[in-house]
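Asks: Chains as they are written, first to last, in the numbering used here: chain Z, 1 to 210; chain B, 211 to 543.
Rather than coming from a laboratory, the hints here were simulated on the basis of the structure. Take every hint as true, because none was put in to throw you off.
Keeping only pairs whose Cα atoms sit at most 25 angstroms apart, straight-line, the calculated PhoX-like set for lysine-lysine is:
#, chain 1, residue 1, chain 2, residue 2
1, Z, LYS174, B, LYS517
2, Z, LYS207, Z, LYS179
3, B, LYS252, B, LYS500
4, B, LYS388, B, LYS224
5, B, LYS277, B, LYS287
6, Z, LYS179, B, LYS517
All values reported here derive from a predicted model rather than from experimental measurement.
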Amino acid sequence: MIAHAIVFYIFSLIAIVSAIMVTVSRNTVHSVFFLILDFISISCLFIMIGAEFLGMIMLIVYVGAVAVLFLFVVMMLNVAQQKNEWFVASDSSSHIPIGLLVSLVIFSELLIVIGGWKYKAELQESINLNLNLNLTNTQSLGYVIYTDYVHLFQLSGMVLLVAMIGAIVLTFRKRSGVKTQSYLRQISRERNEGVELIDVETKKGIKIDA
Amino acid sequence: MPEYATILFSEVLKILMLLVPVLVSVAMIVWLDRRVWAFVQKRRGPNVVGPFGLLQSLADALKYVFKEIIIPASSNKVIFILAPIITMTLALISWAVIPFSEDFVLADINVGILYLFAVSSLGVYGIIMGGWASNSKYPFLGAIRSAAQMVSYEVSIGIIIINVLLCVGSLNLSDIVKAQENVWYVIPLFPMFVIFFISALAETNRPPFDLPEAEAELVAGYQTEYSGMMYAMFWLGEYANILLMCALGSILFLGGWLSPVDIFPFNIIPSPIWLILKILLLFVLFALVKAIVPRYRYDQLMRLGWKVFLPLSLTWVVLTAGYLMYFNLLPGN
Numbered sequence: 001m002i003a004h005a006i007v008f009y010i011f012s013l014i015a016i017v018s019a020i021m022v023t024v025s026r027n028t029v030h031s032v033f034f035l036i037l038d039f040i041s042i043s044c045l046f047i048m049i050g051a052e053f054l055g056m057i058m059l060i061v062y063v064g065a066v067a068v069l070f071l072f073v074v075m076m077l078n079v080a081q082q083k084n085e086w087f088v089a090s091d092s093s094s095h096i097p098i099g100l101l102v103s104l105v106i107f108s109e110l111l112i113v114i115g116g117w118k119y120k121a122e123l124q125e126s127i128n129l130n131l132n133l134n135l136t137n138t139q140s141l142g143y144v145i146y147t148d149y150v151h152l153f154q155l156s157g158m159v160l161l162v163a164m165i166g167a168i169v170l171t172f173r174k175r176s177g178v179k180t181q182s183y184l185r186q187i188s189r190e191r192n193e194g195v196e197l198i199d200v201e202t203k204k205g206i207k208i209d210a
Numbered sequence: 211m212p213e214y215a216t217i218l219f220s221e222v223l224k225i226l227m228l229l230v231p232v233l234v235s236v237a238m239i240v241w242l243d244r245r246v247w248a249f250v251q252k253r254r255g256p257n258v259v260g261p262f263g264l265l266q267s268l269a270d271a272l273k274y275v276f277k278e279i280i281i282p283a284s285s286n287k288v289i290f291i292l293a294p295i296i297t298m299t300l301a302l303i304s305w306a307v308i309p310f311s312e313d314f315v316l317a318d319i320n321v322g323i324l325y326l327f328a329v330s331s332l333g334v335y336g337i338i339m340g341g342w343a344s345n346s347k348y349p350f351l352g353a354i355r356s357a358a359q360m361v362s363y364e365v366s367i368g369i370i371i372i373n374v375l376l377c378v379g380s381l382n383l384s385d386i387v388k389a390q391e392n393v394w395y396v397i398p399l400f401p402m403f404v405i406f407f408i409s410a411l412a413e414t415n416r417p418p419f420d421l422p423e424a425e426a427e428l429v430a431g432y433q434t435e436y437s438g439m440m441y442a443m444f445w446l447g448e449y450a451n452i453l454l455m456c457a458l459g460s461i462l463f464l465g466g467w468l469s470p471v472d473i474f475p476f477n478i479i480p481s482p483i484w485l486i487l488k489i490l491l492l493f494v495l496f497a498l499v500k501a502i503v504p505r506y507r508y509d510q511l512m513r514l515g516w517k518v519f520l521p522l523s524l525t526w527v528v529l530t531a532g533y534l535m536y537f538n539l540l541p542g543n
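From just these sequences and the hints, can you work out the full model?
Replies: This is the structure in structure tokens:
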């Protein structure tokens, strides 16, 4: 039991330190790597409290997919240039008030969540789910999501779908003059439309790109 | 305290008993890969060092050990060194959950298949980190290619795994094997097996999907700046990953440690042998594909992943779920 607690606190410590390093680190790519470390240690915490399904899904979704896309974008930045222009760029200073507002909102949300911890016992009593404790947590999560909360589950799926379509609409634009390859046309080409035999007159030649 | 020590000692012993054979078989499998490749192209392949050239990989490894490790001056040194270590570690830790027989498995965890999937999706980090930290154009392009490729094919692998899980009703790898006692899933889910095999090729950056290290365009892709032991670690990790994908394929579709028919000459052969034979069969297929198929173009690769495999496997999920529901075959009912 003691060994379990020690390992738990080691993972919590790594999670907190790497979360701080995400914001402190000057190199953006290092920040993302610390973020990944944070995700991994949090999923380890999930596994240690017995929520192995959540822990694994956290690894697969956040570390395996989301953070890869983060890295994808961040790696394109010019890190060396960024180091010299730390907070001196004039256009970034106009974002500071909005940034402060957002962080204030997040801070107050965190306060509310931590405040709710005080009423944790009452909250747990008010949950009227009849969970079968003999099932693994994957199964019980499945039962709860797909029976009692199926509408909320579908609704959150809808929100994600709208977000996805929105992202596609924002980034998709038809560009003219782009040469694309059509697989159907490539496969269905026949000899008589691809090859043409022409008798070329001497000293006159022909125009090919007509 | 002494009881902790004994637990620790016995666990470490078990891990070594698993990892040492895995590492040796990785070396052997490289030899097999080259021999199959040579066989298809009517060459001899490695046949000088040891009987049939079996010790070729060991000789190569020895050469790598004595080569100088060059770290480029402009590289990001910590990440540059971490990248091969991560590749190698991830390739080895996934063997912890592979069941070799009913009671021979290091960690029989409830979410074994999710663990394997998570670890294989982390595998991309070794490549991205190596490519970025090298601070050079070719490795960087290789890393970007491989990031997009591996994320795309993970999606279809995940959905194929869902197909199998629908039939099993458990995320435990031993349960998945036990559920195939009557019929291996390769028979009812054959199209999914084919898609899984092709996606596994893409996920492990094997030809015809080896665009991250396409030597014609990118020198050696993300490995360009690596030398000596660090290159060897990338190489070992890559082949350990290929073996792992073969093991996953044989557990999901070919009945894991089960013998093909439960009659006399077959059922006295110990179960780990069956699993190893199935892994070898899949690996020979991997090697044959490398020898006979030309490399894909990158846009074709993306098209195959997103426009062909994803819709196909999603449709198959709906079909499987509908079939199981209609005939009341869903596990757990």
